[in-house]
Amino acid sequence: MAAEVARELRASFAAGRTRPVEWRAAQLRALVRMIEEKEGDISAALHADLAKPHMESYLHEISLAKASCTFALKGMKSWTKPEKVPAAITTFPSTAQIVSEPLGVVLVISAWNYPFLLSIDPVIGAIAAGNAVVLKPSEIAPATSSLFAKLLPEYVDNSCIKVVEGGVEETTALLEQKWDKIFYTGSGTVARVVMAAAAKHLTPVALELGGKCPVIVDSNVDLHVAIKRIAVGGFLKRVIERFYGEDPLQSADLSRIVNSKHFNRLTSLVEEKKVADKIVYGGQTDEKQLKIAPTVLVDVPLDTALMTAEIFGPYLPIITVEKIEESIDFINSKTKPLAAYLFTKNKKLQDDFVANVPAGGMLVNDVALHLANPHLPFGGVGESGMGSYHGKFSFDCFTHKKAVLIRGFGGEATARYPPYTTEKQKILRGLINGSFIALILALLGFPKEKR
Amino acid sequence: MAVAELGETVSELRQAYESGRTRSLAWRQAQLRGLLRLLKEQQETAFEALHEDLGKHRAEAYRDEVGLLMKSANVALRQLGKWMTPEKVWVPLVAFPATGQIVPEPLGVILIFACWNVPLGLSLEPLIGAIAAGNAVALKPSELSPCTAKFLAENVGKYMDAAAVKVVQGGPEVGEQLMEHRWDKVLFTGSPRVGRAVMAAASKHLTPVALELGGKCPCIFDMMSSARELQIAVNRIVGAKWSCCAGQACLAIDYLLVEERYLPVLLKVLKSTMKRFFSDADAMARIVNARHFQRLSNLLKDKEVAPSILHGGSMDAENLYIEPTILLNPPLDSAIMTEEIFGPLLPIITLKKIEDSIAFVRTMPKPLALYAFTGDAKLRRRIVEETSSGSVTFNDAVVQYAIDALPFGGVGQSGSGQYHGKYSFEMFSHKKAVMKRGYLIELTLRYPPWNERKIALMRHLYRFDYFGFVLCFLGLRR
Chain A
1 MAAEVARELR ASFAAGRTRP VEWRAAQLRA LVRMIEEKEG DISAALHADL
51 AKPHMESYLH EISLAKASCT FALKGMKSWT KPEKVPAAIT TFPSTAQIVS
101 EPLGVVLVIS AWNYPFLLSI DPVIGAIAAG NAVVLKPSEI APATSSLFAK
151 LLPEYVDNSC IKVVEGGVEE TTALLEQKWD KIFYTGSGTV ARVVMAAAAK
201 HLTPVALELG GKCPVIVDSN VDLHVAIKRI AVGGFLKRVI ERFYGEDPLQ
251 SADLSRIVNS KHFNRLTSLV EEKKVADKIV YGGQTDEKQL KIAPTVLVDV
301 PLDTALMTAE IFGPYLPIIT VEKIEESIDF INSKTKPLAA YLFTKNKKLQ
351 DDFVANVPAG GMLVNDVALH LANPHLPFGG VGESGMGSYH GKFSFDCFTH
401 KKAVLIRGFG GEATARYPPY TTEKQKILRG LINGSFIALI LALLGFPKEK
451 R
Chain B
1 MAVAELGETV SELRQAYESG RTRSLAWRQA QLRGLLRLLK EQQETAFEAL
51 HEDLGKHRAE AYRDEVGLLM KSANVALRQL GKWMTPEKVW VPLVAFPATG
101 QIVPEPLGVI LIFACWNVPL GLSLEPLIGA IAAGNAVALK PSELSPCTAK
151 FLAENVGKYM DAAAVKVVQG GPEVGEQLME HRWDKVLFTG SPRVGRAVMA
201 AASKHLTPVA LELGGKCPCI FDMMSSAREL QIAVNRIVGA KWSCCAGQAC
251 LAIDYLLVEE RYLPVLLKVL KSTMKRFFSD ADAMARIVNA RHFQRLSNLL
301 KDKEVAPSIL HGGSMDAENL YIEPTILLNP PLDSAIMTEE IFGPLLPIIT
351 LKKIEDSIAF VRTMPKPLAL YAFTGDAKLR RRIVEETSSG SVTFNDAVVQ
401 YAIDALPFGG VGQSGSGQYH GKYSFEMFSH KKAVMKRGYL IELTLRYPPW
451 NERKIALMRH LYRFDYFGFV LCFLGLRR
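These protein sequence lines map, in sequence, to chains A and B.
Its first residue numbered 1, the first sequence is counted upward by one per residue in full-length UniProt numbering.
Its first residue numbered 1, the second sequence is counted upward by one per residue in full-length UniProt numbering.
The set of hints was computed from the structure by calculation and includes no laboratory data.
Misleading hints may appear alongside valid ones.
Cut-off 30 angstroms, straight-line C-alpha distance, at most; resulting in silico cross-link-like pairs (DSS-like, lysine-lysine) [as the list claims (entries may be wrong)]:
#	chain 1	residue 1	chain 2	residue 2
1	A	Lys81	B	Lys378
2	B	Lys431	A	Lys74
3	B	Lys158	A	Lys426
4	A	Lys81	B	Lys82
5	B	Lys71	A	Lys401
6	A	Lys237	B	Lys436
7	A	Lys348	B	Lys431
8	B	Lys88	A	Lys348
9	A	Lys426	B	Lys150
10	B	Lys275	A	Lys426
11	A	Lys74	B	Lys422
12	B	Lys88	A	Lys392
13	B	Lys204	A	Lys261
14	B	Lys454	A	Lys291
15	A	Lys426	B	Lys71
16	A	Lys212	B	Lys431
17	B	Lys88	A	Lys74
18	B	Lys88	A	Lys77
19	A	Lys426	B	Lys40
Ranges of calculated distance between the beta carbons of each label pair, as one might list FRET restraints [unchecked claim]:
#	chain 1	residue 1	chain 2	residue 2	range
20	B	Ala163	A	Asp329	20 to 26 angstroms
21	B	Pro146	A	Arg17	49 to 55 angstroms
22	A	Ala14	B	Lys275	41 to 47 angstroms
23	A	Lys426	B	Ile309	34 to 40 angstroms
24	B	Asn74	A	Glu170	49 to 55 angstroms
25	A	Ala48	B	Glu452	20 to 26 angstroms
26	A	Lys323	B	Lys158	38 to 44 angstroms
Listing some non-contacts, in silico: residues in chain A with all C-beta distances to chain B over 12 angstroms [claimed, not checked]:
#	residue
27	Glu4
28	Ala44
29	Glu271
All C-beta atoms, glycine included, are put in the ideal place defined by N, C-alpha and C.
Make the full structure from the sequences, and use the hints.
Written as structure tokens, this is what we have:
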């Protein structure tokens, strides 16, 4: 089945269906219509998969997906235009440009935590860039996956944009085919499998992974560590109560854990006494609803699983340090995260943070917002991934920038060719170094060939 | 190099990078200046090494390697400050007050594998980019160009920061051992077969890779409008095929496509030009080693192919010399037409109409470069739009390599990732998105508990409909 899909998409691409800008725009407009007309269904699917509150679905997935489409629709005309670049004196006269062309047929494998956005956003980029695309939504968010399988064919060109549902088996079958790019969002473990499979076909990959995204909170106050800890903990308690009420498990605004496997993974992270003892707020769980309340811990021992693996759940461990500057070394002792955050008014600390903490992206005095800015590339580095997207970066992610050089017959530099006499070598040196005089000499036909 | 020694080298590089010494503009400039001094002061030795390894004439060595490297290092020196400057980006009003920028930062420790055919160029050109981007670098030149490898090992440490820029010598086993370690990026130039192995090894550590592979670079040859243009075109073709390391170049013309009625004219000029250029024995490089000589000789000796040899064909195994050879219409399923030739053999395929070349090229894997000699603007447009390749050059060949503003790299089977000029800097950088906000305005509607009013307000904001937002906020609109 995977081979069928690949074959059909390749035929559609070869036939040139996805190339015209009008086709691409039509698909994107159809996606906008889909998001507008089916917002209720999308929200319902996200609620079925994750108990995501409607507002969260709107704020963090639906609206961003729509914004992505409209941004691409606005930008496409200029993005698809060839870019003229300066040619060199060495090749005078000539014109040079960079032409953006689609890679061909691409595979997008998506994740379960933002199952709508993380599926549709890369697909938008692939379409804008003129590719044929197959989407493999996460089977761990089954309602959203089947929603895509049902809805996309109703709105977009099914011969060029397909959905394949399934788990490990279907994904493995897809990975055996040859694609022109694979875009994967998910874990580092599976990413390695994806990249190894891609290597067989020399397929380039974009991997959007995770990591332990740190938040540094500066207090700007010279207080004893213990008081700082309480102050932060105290503030957190008040805010959490304001958002979710006194019993967060009852709040409709709290999403649930995606499935029992992850629920068990998370609860076991805090089972150990030396971890459970560090809980300062929260900790309540409801296995039936698969809900875990926002939980704050302080100074959990660093060798525990909670502190070494990516949490991906509602636990917030706080680590206290003597001097806030130590936090930078702490972060750098771990693998590079997808994002790093800092709250401070201290300009020097801000500069230090930006210059010395490698991360996919960073935000000062806020969290996560940077992903909503289409002018900023979104992607990881090191263990948090490779490649980036959003805005024009999505277009670039699925594009080959083809260098095109057009020469005429006006300037013929015989100095390039053997037999290599000393005079020729002199002129050649000049030409390569961009010497105008050498160019003139070469154009005038020096050195004169002896016939 | 022993496994333990290798491990030490890698951790020394990691330490050098972690110490922060490679970050400053001053350090990067010092390395580039050191490289320029190396190329200037050791130029004769470099020419000798290239001549030893490949029989390259010093003019070819300058034109294709040393000269271009000096140009690139100078460009990097001039542009470095600009490349390193963060790029400010627009931030939507809803995030006010806020600033956004893209900050380039080094990836860390880079590994560069170079191929044997342009051994200096393929090591040092990426090195320029990696250093400009502020990384520590390990260079692994090909063992098939041993004199150049030795030249690099002896000189790089002397002219550059030996703690942060190292040369590792050895064969495939050393390459494999190097790939056991985690790198922040690996650039590999070579064959697709080894490229697959490099990428597979890199996947274990999620190391991003750039692969510069090859392919069969076709040359589409259309009717030329005058004898002068025909001669110039043929000069360029002959130069691009045989004066580039005897055709052992990823960018060399692999095969030629021409209309059958035009063949006799083309052949006549081809032969006379070849005679003129290569009258001297030392004008053309030799085949790199006996294994490749054997491979090329097998391509010609193939029973189905031998009859199509039109010109040349003589071989000297002792001197590893193969005469510039032209073949006419060898079978399309023969090795010479399915594998990258990488040698001084030029198959010519004739077609009824030159436009058929587009369909022909599309049946082959995407090459690193596509060449077309034509004055027909419509054909040019069709070639650009209907074929895919790393690059396209009209009315010349290989020269695109010298233009810094054009990205150099393949697509599909010819590779992924691009460099040269600013692209080299970007290849070895991570573009970090950085956004800074203030506390002046706090939009509490971002947070739970949520209600319909908050959703309505958000809708307006996300459409950048600030007027609607204000009305809604004031309760004057739903």
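We went through each hint and held it up to the structure:
1. For a cut-off of 30 angstroms, the pair hint linking Lys81 of chain A to Lys378 of chain B stands: about 18 angstroms separates their Cα positions.
2. Taking the CA atoms of Lys431 of chain B and Lys74 of chain A, the gap is about 24 angstroms. The hint holds against a cut of 30 angstroms.
3. Restraint check for Lys158 of chain B and Lys426 of chain A: satisfied, since their Cα atoms lie roughly 29 angstroms apart, inside the 30 angstroms limit.
4. Distance check on the hinted pair: Lys81 of chain A and Lys82 of chain B sit about 25 angstroms apart at the alpha-carbon level, within 30 angstroms; holds.
5. With a C-alpha separation of about 23 angstroms, the suggested pairing of Lys71 of chain B with Lys401 of chain A holds against the 30 angstroms cut-off.
6. Between Lys237 of chain A and Lys436 of chain B the alpha-carbon distance is near 26 angstroms, which keeps this suggested pair within the 30 angstroms criterion.
7. Proposed proximity of Lys348 of chain A and Lys431 of chain B is supported: the alpha carbons are some 21 angstroms apart, at most 30 angstroms.
8. Proximity of Lys88 of chain B to Lys348 of chain A is assessed by CA-CA distance (about 19 angstroms); at most 30 angstroms being required, the pair is judged to hold.
9. Simply put, Lys426 of chain A and Lys150 of chain B have alpha-carbon atoms about 28 angstroms apart, close enough for the 30 angstroms limit, and the pair holds.
10. As the CA atoms of Lys275 of chain B and Lys426 of chain A are separated by approximately 24 angstroms, the hinted pair is consistent with the 30 angstroms bound.
11. The hinted pair formed by Lys74 of chain A and Lys422 of chain B meets the criterion: a straight-line CA distance of about 27 angstroms does not exceed 30 angstroms.
12. Using a Cα cut-off of 30 angstroms, the hinted pair Lys88 of chain B and Lys392 of chain A holds, with the two alpha carbons roughly 15 angstroms apart.
13. Distance check on the hinted pair: Lys204 of chain B and Lys261 of chain A sit about 26 angstroms apart at the alpha-carbon level, within 30 angstroms; holds.
14. With a C-alpha separation of about 24 angstroms, the suggested pair Lys454 of chain B and Lys291 of chain A falls inside the 30 angstroms cut-off, and the hint holds.
15. Taking the CA atoms of Lys426 of chain A and Lys71 of chain B, the gap is near 15 angstroms; set against the 30 angstroms cutoff, the hint holds.
16. For the hint linking Lys212 of chain A to Lys431 of chain B, the alpha-carbon distance of about 19 angstroms falls within 30 angstroms, and the restraint holds.
17. The straight-line distance between the Cα atoms of Lys88 of chain B and Lys74 of chain A is roughly 21 angstroms, inside the 30 angstroms bound, and the hint therefore holds.
18. Pair hint Lys88 of chain B plus Lys77 of chain A holds up; C-alpha atoms about 23 angstroms apart against a cutoff of 30 angstroms.
19. This hinted pair checks out: Lys426 of chain A and Lys40 of chain B have alpha carbons roughly 15 angstroms apart, not beyond 30 angstroms.
20. In this structure the supplied range 20 to 26 angstroms holds for Ala163 of chain B paired with Asp329 of chain A, their Cβ-Cβ distance being about 22 angstroms.
21. Between Pro146 of chain B and Arg17 of chain A the beta carbon distance is about 51 angstroms. The supplied range of 49 to 55 angstroms therefore holds.
22. Range check, Ala14 of chain A to Lys275 of chain B: about 43 angstroms between beta-carbon atoms, so the 41 to 47 angstroms window is met.
23. In this structure the supplied range 34 to 40 angstroms holds for Lys426 of chain A paired with Ile309 of chain B, their Cβ-Cβ distance being about 38 angstroms.
24. Checked against the given bound of 49 to 55 angstroms, the beta carbons of Asn74 of chain B and Glu170 of chain A, roughly 53 angstroms apart, stay inside it.
25. Checked against the hint of 20 to 26 angstroms, the pair Ala48 of chain A and Glu452 of chain B passes, with Cβ atoms roughly 21 angstroms apart.
26. For Lys323 of chain A paired with Lys158 of chain B, a C-beta distance near 42 angstroms keeps the hint of 38 to 44 angstroms intact.
27. Against the 12 angstroms criterion, Glu4 of chain A stays outside the reach of chain B, whose nearest CB is about 22 angstroms from its own CB.
28. No beta-carbon of chain B comes within 12 angstroms of the beta-carbon of Ala44 of chain A; the shortest separation is about 15 angstroms.
29. Annotated as non-interface, Glu271 of chain A keeps its C-beta farther than 12 angstroms from every C-beta of chain B; the closest such distance is 28 angstroms.
Consistency with the previously given hints is maintained throughout, with no hint failing.
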